[in-house]
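*Asks:* Between the sequences and the hints, there should be enough to build the whole structure, so can you do that?
Protein chains: 2
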Amino acid sequence: MPLYKAPLRDMKFLLNEVFDYPGHYTRLKTGENATPDIVDAILNECGKFCEAVLSPLYQSGDEEGCKLDNGEVITPKGYREAYQQYAQGGWQGLSAPEEYGGQGLPASMGLFKQEMMGTANWSFSMYPGLSMGAMNTIFLHGSDDQKQTYLVPLTEGRWGGTMCLTEPQCGTDLGQVKTKAAPQEDGSFKLSGTKIFISSGDHDLTENIVHIVLARLPDAPKGTRGISLFIVPKLLPDGNGGVGEANGVTCGSLEKKMGIKASATCVMNFDEATGFLIGPENEGLNCMFTFMNTARIGTAIQGVGPAELSYQWALDYARERRSMRALSGKKEPDEVADSLIHHADVRRMLLTQKAVAEGGRAMLYYAARLADHMVEGHTAGDQKKADAYDDKLGFLTPILKGFLTELGNEAANLGVQVFGGHGYIREHGMEQIVRDTRIATLYEGTTGIQALDLLGRKVLLMTQGGAVREFTLKVANFARKTLTDKRVRPFSVELLKLTAQWNVLTVRLMLAARKDRDVVSSAANDFLMYSGYVTMAYMWARMAAVASDKLEKGGADSEDFYRAKLATAEFYYERLLPRAQAHATGMLSPTRSLMQLAPEHMAFTD
Amino acid sequence: MPLYKAPLRDMKFLLNEVFDYPGHYTRLKTGENATPDIVDAILNECGKFCEAVLSPLYQSGDEEGCKLDNGEVITPKGYREAYQQYAQGGWQGLSAPEEYGGQGLPASMGLFKQEMMGTANWSFSMYPGLSMGAMNTIFLHGSDDQKQTYLVPLTEGRWGGTMCLTEPQCGTDLGQVKTKAAPQEDGSFKLSGTKIFISSGDHDLTENIVHIVLARLPDAPKGTRGISLFIVPKLLPDGNGGVGEANGVTCGSLEKKMGIKASATCVMNFDEATGFLIGPENEGLNCMFTFMNTARIGTAIQGVGPAELSYQWALDYARERRSMRALSGKKEPDEVADSLIHHADVRRMLLTQKAVAEGGRAMLYYAARLADHMVEGHTAGDQKKADAYDDKLGFLTPILKGFLTELGNEAANLGVQVFGGHGYIREHGMEQIVRDTRIATLYEGTTGIQALDLLGRKVLLMTQGGAVREFTLKVANFARKTLTDKRVRPFSVELLKLTAQWNVLTVRLMLAARKDRDVVSSAANDFLMYSGYVTMAYMWARMAAVASDKLEKGGADSEDFYRAKLATAEFYYERLLPRAQAHATGMLSPTRSLMQLAPEHMAFTD
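Protein chains in written order, with the UniProt record's numbering: chain D, 1 to 606; chain R, 1 to 606.
Mixed in with the good hints there might be a few duds.
Which copy? The list can't say, so a pair holds if one copy fits it or any two copies do.
[Stated by the list, open to error] DSSO-like, lysine-lysine: derived pairs with alpha carbons at most 27 angstroms apart: (1) Lys5 with Lys256; (2) Lys474 with Lys384; (3) Lys330 with Lys178; (4) Lys77 with Lys257; (5) Lys12 with Lys29; (6) Lys178 with Lys331; (7) Lys67 with Lys256; (8) Lys515 with Lys331; (9) Lys515 with Lys330; (10) Lys553 with Lys392; (11) Lys256 with Lys77; (12) Lys257 with Lys67.
Don't read these hints as lab results, they were simulated from the structure.
*Replies:* So, in structure tokens, the structure goes:
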């Protein structure tokens, strides 16, 4: 199995040439230390760690999986040592506030790190990823005391964290949560209940684990308005930054899963476990969801990562494996056959992977700038700024999470396809990418939930189409400006058509939904995918415009790189973007064809 | 995990109401015994066997897998007993000639059997499936002596069979085969070489295994014209219908795969193994491919099966699991939440599965009639008839195999999606369907190879578009006839447009390919998928026409069944068929966007 190579050239193209991160960082308080040379050094160092330490554990972690031994979860061989290196390198606190031991760099830096780690070894990256969720929650809603007690060791990576939401009877529908929290005289609570699908619920990487748990207080209102948030540590803090006695929270069993086997997915039993309220009573869901948009961008990485990794390995294979002759004539006449890469249909698959990986990465880095502003708003206590940027991000996150993870699955499957029968064999690693990636459209809100969030909430309910208008205005402005560049003009023309169509579709759905509420759920998936294809088209046009500019000016040190960008943009517009039109047709279809069949008439097998 | 239910109602609808199999069988020699009551009894019996014996072994076989013990492959628990029942029931010889111990029923009956077995337990069904490949080859190309020696025990199911084509250096490109066959004085050969990916290469289900092996004679011409076909039994026949000494063929190792784990995929070592030439020297590939079209229809079943199985289980889950409220208002106000099936987006996924399963089944059964005629031509020694029907089938098989297995993968993934996070957990079986199905687009010719076979060979090279003209004429004639039926008319109108478009696209590709040969490989995948969507649209219109007719006449015993057919046809035309237009756009795109990048400029990670 080959190893992961950090795509630093592409990352720096986006950061420095497309999205002007150096300029962006000068406008951020946390950007003070993020000077170009520091950013460069960090990315290079992170890339090395991912290539040399995390990537070699990718396949062995899958083969070995996690084990539950005497109530304790054992991670695969090498994971402890890798995590030690990670923690000691200060990586967990990269974007965390300096006052709690972090390095105080912008949130976006954390995302670039996450992308490389997640691509090299998704399962490994989930342990620090979940800790980050706990850190964000405590940072925003914890008391000063809670921050000192929990945030500091979390930031140091000495302790890990989890988010405990799902229960056997409910995942999406958290209003059904049953776990109980009984108040104690000392102000703490005793939590009892069962949580399932808890990633990193238990493991041997850190000396303690901080669970953030949704539970109900006695006499809390029914449904989502009666849920509170608690901190439940695995070992109770000793008050001096160390750990004391064990708490009543244990891992009951490990789930057997399709993939991400090196990530422990636990059933967690809370048996009168001591917990501490975080945030206001009965507002647990709101607190939990404060950083939802950033968490979902984190998951959107799992669309880009598999596309990148699978592309790297499939490309190597397509260059080496020989089969048949190219239809346009022998390309390697001295060899027994031409390599796969000379076959147009193989190129179609490879270029799809490439277009998704690079186009998706651009979408992530575009959104990461907004995330920086949002986090800065929170940190400065500027709620208005935080909310404004959270809204902008809120429109993009379901697109990123929903659309990119769907395309990530497609890209990973294409990688298997390039390998032919060999793709199905475990030793090549290609099928593992498919199995690992399959979770991405399921957790942190399924694609269906992202689609409803986008169309139902963000577009129709909250902004009456305003979110689309605002975003497409930006896209159309860009497109108009680039009409004069002959290399980019075909893309700009197409973008102008699409931005107009996107608004028309939105208005038509809005009108239709007034008469028939099922329209929203019926059109949501097509609307999400349509939005994704158009957003990615915008990214490809932006990358193409930069590439064209560099070529125009001449003297660029890597003309081939820019030409490849233009060629990939062309591929995207010609071969992938047409799918948007099938979704446009689909979303306007009457709800009748979905809703007319009675549940009992869906099958006649009895 | 639930169990498989044989969809007999739908099968009988296709057989008796849509495709008039009773009439078809009266025109076949092998149809003499296939009277409606016999057919009915066989389907019911086969359904019971699949439901009660094969389905319960589906998940346990995946968990346990095959083991290599002291050079012998051990199948999972229960597989031997199930196979005994299968063989003793005479199922292996269902469509085999009576003179070799078969039941002499039409080939299509074997396909209906294969569909049920493959849906209930694909891994299990591969053992008899591979035997069938060996049987077909020996039946067509073997000497009388070879037929008596091998075909009889294969037909009885006492012996199993394999097809040994692939070697480490080549799968698709069989011209690279290296295995050697050295002639011996007694007229036999000694075969030496390594074959990989040999399904059923070794197992403990039968007393002997008959390998059909591609190898080269000394001084054979290079490439595909120098390959001959050999019979290499695991144990040499004793001349009395029993087995004698062991031959020099052994299983070197078992591949570790993504799925179909209960099917043994073997590396087979031939070490001076005794073999017997079958068919003429150096014409091994032609002999091997005689029944390729039927074998590929067999694999196309793996598009329909997973869609059906995953649909059955996802539908059950969607009826039971409760989450959130339907957007159009509470559907089950007394429950904590509405069941999933009341959400339009969940219905979109379920109906996609249903449309693929039923539409795909119709495609199979449509093609099976042609297969019956082709086989009858072969059996009667009427080569002209055999070739004529092989050509008709030859146009459809890449569409069936390529398109249906791609959609089967999509459908299986949607089943996981309906389950949400639970779909990722092994105990529910949904992720196993995805893993098992993933092989379908890879073996027996990848989707890319099917696409090239369709567009490059069948459509452009062999018939200069004639294959499309012939098929679309049939479709258009049907569409014109049904224009007067108001329920079917929207479908007919669409079909008329599509048949015209299909021809226009074909002519445009033909002209473009004259100037640029890469057009064929560049357009092939889109052409394949387009062809698939249109062919399935034809099937849905035919089913809709029958359903409409039954409802029109009234008094049908199952009006709900017919209404469900019409509703599903409507769903297909509104929500899935629009994808054909994205493929139409894609296939006409210039080859440039695929071919312009030099292999060394596909990535810049170094």
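*Asks:* Compare the structure with each hint and give your call.
*Replies:* Hint check results:
In the homo-oligomer, the alpha carbons of lysine 5 and lysine 256 lie at most 27 angstroms apart only across protomers (26 angstroms), although the nearest pairing inside one protomer, at 30 angstroms, exceeds that limit. Taking the shortest Cα distances, lysine 474 and lysine 384 sit within 27 angstroms of each other inside one copy (22 angstroms), while across copies they are farther apart (65 angstroms). Taking identical chains as interchangeable, the C-alpha atoms of lysine 330 and lysine 178 lie at most 27 angstroms apart only when they sit on different chains, with a minimum of 22 angstroms there against 67 angstroms within one chain. When the C-alpha separation of lysine 77 and lysine 257 is checked against a cutoff of 27 angstroms, the pair qualifies both within a copy, at 19 angstroms, and between copies, at 22 angstroms.
In this assembly of identical chains, lysine 12 and lysine 29 lie within 27 angstroms of each other by CA distance solely inside one copy; the values are 22 angstroms within and 71 angstroms between copies. Proximity of lysine 178 and lysine 331 under a CA criterion of 27 angstroms is satisfied inter-copy only: 23 angstroms between copies versus 65 angstroms inside one chain copy. Both within a single protomer and between protomers do lysine 67 and lysine 256 lie at most 27 angstroms apart by alpha-carbon distance, with minima of 10 angstroms and 21 angstroms respectively. Only between protomers do lysine 515 and lysine 331 lie at most 27 angstroms apart by alpha-carbon distance; the minimum there is 18 angstroms, versus 60 angstroms within a single protomer.
In this assembly of identical chains, lysine 515 and lysine 330 lie within 27 angstroms of each other by CA distance solely across copies; the values are 17 angstroms between and 61 angstroms within a copy. When the C-alpha separation of lysine 553 and lysine 392 is checked against a cutoff of 27 angstroms, the pair qualifies neither within a copy, at 34 angstroms, nor between copies, at 58 angstroms. Proximity of lysine 256 and lysine 77 under a CA criterion of 27 angstroms is satisfied in both settings, with 18 angstroms inside one chain copy and 21 angstroms between copies. For a Cα distance limit of 27 angstroms, the shortest separation of lysine 257 from lysine 67 qualifies both inside one copy, at 13 angstroms, and across copies, at 22 angstroms.
In this structure, only the earlier hint numbered 10 is contradicted, and the remaining ones agree with it.
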